[in-house]
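Asker: With the hints as extra help, turn the sequences into a complete structure.
In the order they appear, the protein sequences are chains A and B.
Quick note, the first sequence lines up with residues 1 to 162 if you use this note's numbering.
Quick note, the second sequence lines up with residues 1 to 449 if you use this note's numbering.
Derived by calculation from the structure, the hints in this document are not laboratory data.
Treat the hints with caution; some may be incorrect.
As the list claims (entries may be wrong) - Listed next, with one range per pair, are the computed distances between beta-carbon atoms:
no. : chain 1 : residue 1 : chain 2 : residue 2 : range
1   : B       : A165      : A       : H52       : 17 to 27 Å
2   : A       : S51       : B       : W21       : 23 to 33 Å
3   : B       : R367      : A       : Q39       : 42 to 52 Å
To be verified - Covered by chain B, according to a simulated footprint, are these stretches of chain A (three or more residues, beta-carbon under 8 Å):
no. : stretch
4   : 61-69
5   : 118-126
Glycine included, each C-beta is placed from N, C-alpha and C at the ideal position.
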Amino acid sequence: MTESKQIDHSTLGSYRIQPNPRISVTFNHENNQYGGGDQLRAHYIVEGIESHSISAVERSVVWYTEGKGEEDLGVIFFERIQLDKRKDGAQMSPTSLSTDHLTGALATDLPLSPLSYEGIIVKIRWCVRIRIFFRSGRDFVSEYIFFLGSVPVARLPVKIEK
Amino acid sequence: MRLPTFFSKKRGDRRTGLPAWGSLGEGIYHAVLLVAGLTIGVLMLAGVAVPEWRINNQFIEVNGRLIGKGLARHTLRDVFGGAKYSWRPALLVQYEVEGENIESWNTVHSSETSETRAFALHELDDWELGGQLRCWYDPEDIETVVLKQGYSWWLWLLALLLPGALVAFGVTGLIHSLKAWGRSEERQAAQFGRILETLGSPLPETTGFPTIPACDNLVNSPGTMLRFRLPTESPEAWSLIGAGLFSGLWNVVVILLAVNVGFDIAGGRADLWLLGLLAPFTIIGLASIGLFFRQLLLVTAIGPTHVEISGHPLRPGNQYQVLLSQAGSVSFRRLELFLELEEQATFRQGTDVRTERQVVWQSLIRRWNNVEPLPGTPFEADVQLELPSQAMHSFSSTHNTVSWRLVLRGVPERWPALVRVFPVVVFPAEIQSSDGEKVIVLTQTSEKS
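Answerer: Now the structure itself:
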């Protein structure tokens with residue numbers, strides 16, 4: 001009976017609104033600058049949160065468009081780590097994630113395109129996204145921009161004469 | 001207690017709502033649409049399709065005799081108390097079913113009624129009292145008899161259009177909700193992105209270069225002097241096609257209308273409404289033919305433009321030879337060849353889908369003043385094209401595009417200004433990886449001839 005009560009308290013606690021976690025990501029390149037075909041390695045730390053309130057962590061490397069048009073999204077790396085205990089009692093946790101300190105690392109080869117682009121009505125951005133799923137059903141997402149290529153920022157239309 | 005937030009940050013760190021509840025709400029909404037569509041569909045089928053099918057497949061044919069005729073009037077009252085009448089011939093038929101003589105008024109579909117009493121009366125004259133006729137009776141209710149079989153396909157189409165749209169909308173929405181159920185946008189893109197890209201990508205991609213459109217169509221035409229001849233995307237050609245389509249369709253409607261009016265007049269009836277409608281329709285039809293031929297003259301008189309290039313796809317920092325050829329006998333006050341970078345964004349505004357274009361970079365390659373063509377010889381010019389070393393590559397995704405093109409702008413004598421566009425594909429510059437080794441990228445073509 002006592003044990004059952006403890007479990008109930010623990011379960012209820014996980015459904016309380018959690019404070020926003022603090023996530024920090026470090027990249028293996030200076031200024032987060034990469035070239036097409038480079039290997040991106042990133043290390044992240046999640047702080048300010050009770051680990052038992054998390055049900056899953058998703059980490060991904062994505063590009064997305066910003067600007068006037070609808071957003072387009074491309075995913076070149078995606079991994080979901082389920083932290084909930086499964087019915088058979090086993091816990092899914094890959095070697096690249098430490099559940100004690102909620103740290104993790106990811107590595108992927110970047111494609112040759114699309115390059116990061118700062119246009120006028122179309123912008124292309126690359127980022128590492130860490131999404132944390134709480135047992136309450138809510139999630140928290142944090143993204144860290146990096147740059148693929150070094151295309152200069154587009155300016156308002158100027159006629160360049162030869 | 002935390003109050004619900006109605007909006008949140010789109011970027012950076014953010015806590016989202018409850019996506020599962022969002023998907024559930026969407027799912028319920030689309031399920032309601034689906035059920036409504038199915039219900040209306042079933043009602044439509046029961047009211048239109050099944051009775052017609054029964055008449056054509058289950059009613060039994062017998063020989064009958066016309067023993068009475070008259071006009072049946074239907075009164076339709078509107079909410080303001082006004083009345084609208086429609087008329088149809090009502091025929092009393094006598095026929096025999098298993099030795100029993102049956103007398104019954106024929107059943108007529110509502111589509112066979114007329115709003116004009118005179119027209120219904122005219123139809124009634126075609127039936128001769130005492131004459132023999134073929135009729136079909138319902139074996140389940142032998143007093144229900146019809147004098148005509150067949151399907152009214154247009155009625156089926158109209159009746160099934162609304163439920164069909166609701167069912168299609170509901171099913172696609174439900175699939176979308178199921179796809180999104182408990183999944184983040186990254187997970188959806190990772191799991192379903194490849195399928196959607198294959199099915200719905202606006203342009204095929206170049207192998208090894210995601211989001212860069214394939215340039216197969218740009219390198220399949222060899223040039224006469226240089227390696228490739230570029231296809232054109234002339235706005236004038238689209239205007240010509242548009243004018244031709246409009247003119248064709250409009251004049252088909254005018255012809256159908258004129259034939260209908262002609263038959264009416266031949267039959268001794270003249271519908272003033274139709275006659276009144278025919279006059280402005282004919283004027284618009286003639287004007288559209290004139291517009292089409294003016295556009296055709298504009299395209300053909302100025303003459304075709306050809307652009308050849310020494311290499312394709314293009315690479316930032318590289319130089320290419322370009323051959324411009326302008327045929328025709330028209331003199332130009334000015335001809336200009338530009339290299340342009342255009343951004344294109346597609347977005348929804350209310351229920352409309354809009355596309356906005358913006359030229360973000362433009363470089364004049366060469367300008368020619370007072371171009372006078374020699375008889376039988378096209379104007380030809382050989383120019384050098386250099387792409388900036390840090391140029392953005394071509395990019396194409398579902399809603400956003402960054403595209404490069406060569407644009408010829410001309411001001412002919414006595415003709416409207418000319419714009420002809422020749423798309424090109426630009427790949428990223430050859431890349432030095434962090435360990436100093438050059439990344440070897442296989443392309444479909446070499447850069448120089």
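Asker: Determine for every hint whether it applies to the structure shown.
Answerer: Hint check:
1. A165/B with H52/A: 17 to 27 Å: About 49 Å separates the Cβ atoms of A165/B and H52/A, which means 17 to 27 Å is violated.
2. S51/A with W21/B: 23 to 33 Å: 25 Å, holds
3. R367/B with Q39/A: 42 to 52 Å: 47 Å, holds
4. 61-69: holds (count 5)
5. 118-126: holds (count 5)
Hint 1 from the earlier list is the only one contradicted by this structure; the remaining hints agree with it.
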